[in-house]
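Dock chain B against chain A, hints included.
2 protein chains.
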Amino acid sequence: MKIEAAPLQQPAFPPPARPGDPLDAVDTPALVLDLDASDANVAALHRQAAAAGLAVRAHGKAHRCPALALRQVAAGAIGVCVQKVGEAEGFAAAGVRDILVTNELVDPSKCQRLARLAGQPGLRLAACVDDPLQVQRLAEACARADTRLEVLIEIDVGQKRCGVETVEQALAIAAAIQRAAPRLALRGLQAYHGRAQHLRGVAERADAIARAAGVAGEFRAALERGGFAIREISGGGTGSFPNEAGAGIWTEIQAGSYALMDLDYRANAADPAAPQLRQALGVMTAVISRRASHAVLDGGLKSFAVDSGLPAMRDPRWRVVSLSDEHTVVEPLAGAQPLELGQRLILDPGHCDPTVNLHDWIVGYRGDRVEAVWPILPRSASR
Amino acid sequence: MKIEAAPLQQPAFPPPARPGDPLDAVDTPALVLDLDASDANVAALHRQAAAAGLAVRAHGKAHRCPALALRQVAAGAIGVCVQKVGEAEGFAAAGVRDILVTNELVDPSKCQRLARLAGQPGLRLAACVDDPLQVQRLAEACARADTRLEVLIEIDVGQKRCGVETVEQALAIAAAIQRAAPRLALRGLQAYHGRAQHLRGVAERADAIARAAGVAGEFRAALERGGFAIREISGGGTGSFPNEAGAGIWTEIQAGSYALMDLDYRANAADPAAPQLRQALGVMTAVISRRASHAVLDGGLKSFAVDSGLPAMRDPRWRVVSLSDEHTVVEPLAGAQPLELGQRLILDPGHCDPTVNLHDWIVGYRGDRVEAVWPILPRSASR
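Chains as they are written, first to last, in my numbering: chain A, 86 to 468; chain B, 86 to 468.
Calculated directly from the structure, the hints in this document are not laboratory data.
Same chains, same label: a pair holds when it works inside one copy or across any pair of copies.
Calculated cross-link-like contacts (lysine to any residue; reagent style SDA-like; alpha-carbon spacing at most 25 angstroms):
(1) 245 <-> 422
(2) 245 <-> 287
(3) 245 <-> 401
(4) 245 <-> 256
Next up, chain A with everything else stripped away, as it sits in the complex (with noise of 0.2 angstroms):
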């Protein structure tokens, strides 16, 4: 078998701009984000969270990005959570202090990982499990890293993906937690319904985290009244964040999006009760082609994730006509002015989690100014 190791030569890809650049000097396809309105978001979120006593665990799946993550900290999160090994490795290297991964680990190696990472001085690191294989991995690993960790119970509230769906499976999995300690130590409940965040209608929205807040509540009474006490009720998130805020059963939010904001999220029907969030996360794109009929931007389904629609213009009369690899057609409506050649154009993407993974670097801008430039964590995160 023929072997092949030597490493490529790659060149240094600097990023797209530096802190103090002229906001239209930044290198396109750029992820662009307007800290006035993210640092608005986020403090408005975080206002009415404290308001209603509810704890905001920070989603880094959102935008893997540590620099952000810790801003997000010392404007009241508790810490984040994330879905993968590596960007809880990636949080906890930037000095996150607490992070939950919101993920079911069975794969020996990955557990391994997260015992490691829950040696390390003054982090407090959880995970969750919805079968005993994945407790009985987590303990193997932490008994081999002697350390310990804390995991909660997944529960299905609706999400119809992960997590277990009868009192019976939570109990034994309890167990099981309990014969592994002091590796494993049970925290609570994760009851995540994802799902509901997207529904459009105010009242679709409140229904379905009425009746997660239901199961949640009869998984937490079934438990402690089998002796094992549930301290922790995570979930919920942007979306739905008002309806978990009024429910009185999660101590804590997942939120992620509320940082960053995407044309999804805005198609909702506006919840009176949600905080005014704004788009704060935009893609800059440079017009590389034009004839009347259309121009071309030199960002596409490499600077876009388009899984729920595709990216927009922020000046209505154009229209995203259709996305190519590096490629973004767009067509004049009535009223629109020409675009220039090299004219640059902030776009806001449909899905503001998978689009984040397309870039390396988050450009953070006020008004006309680069403010800051993060690093977003490798791809290599998703492992």
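Leaving out everything else, chain B in the frame of chain A:
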């Protein structure tokens, strides 16, 4: 104004496998490439192209993997084409000696990067133009860098994206290129019709490419009548390859997907004249949660691009239901064997190019053994 520039500490994320590892030990989610299938695809298409007198210019946008590009060159490709200056820099650094940027550049800093790259000894480099401003900017950048570049005039042969529409425009640009001598020289035309490659019917593709060939022939004749030599006509690709090979107008073919393949190309009606191409690319995931109704895999929108449809399980008795950021939900159909927690599964991607761009590494394997682990250019190569 507050300036933030302190770099954050980041962990090094190791590759998902090492050469020699068993395939089922690859850390998930991971991009995997069946090297037997990829090598066979490359050999088959190169053989047919050679028989038709066509050069193959492997499209580096498909995989952004310099190691794979060098293999394609070793297998007979004349070099690569790319869409971005960053890609050109990445492939050149790895030793690719003939690179065409199949795209227009307007931004002076991008023109300067390309002009500087043109000074690399032994590198044959070119870019496309469809407006006199691009000619002017490239000429200025080459004058500043004291280098020379070849350019291709892009003509719209049906793609309705970039490219000039009229012979008069092409003649004006050719004259501008001539005035920019010796900094710039006209190599020929780019006549790319990417849309035609995804028309499902064999006759539809044949018609679209016949029309494109007709348009390209008219432009070539007009430019030659105007005294401009057209040495190369570049275009085409995996989906419409037999049509371009038979047209007698193209001198080189910009095929990229053929080394990887995806569900979108496989949805095309098979052209009996086309090389038989096997699915070489996949994304390996693992089961992290399961119940009777479904299983949950550990890769989602951050591992699979879904612009051209959802990925597919290789076992047709399992159906992909939905993807979220880091999860894919799959459900059993009649006769399906249950999946085990931790079980690894390779899924076929809907669209190869933006799927590759979600990963840091390609894990090349033969049979059940990892043979090579190759880095993919950073996301910043889109600039």
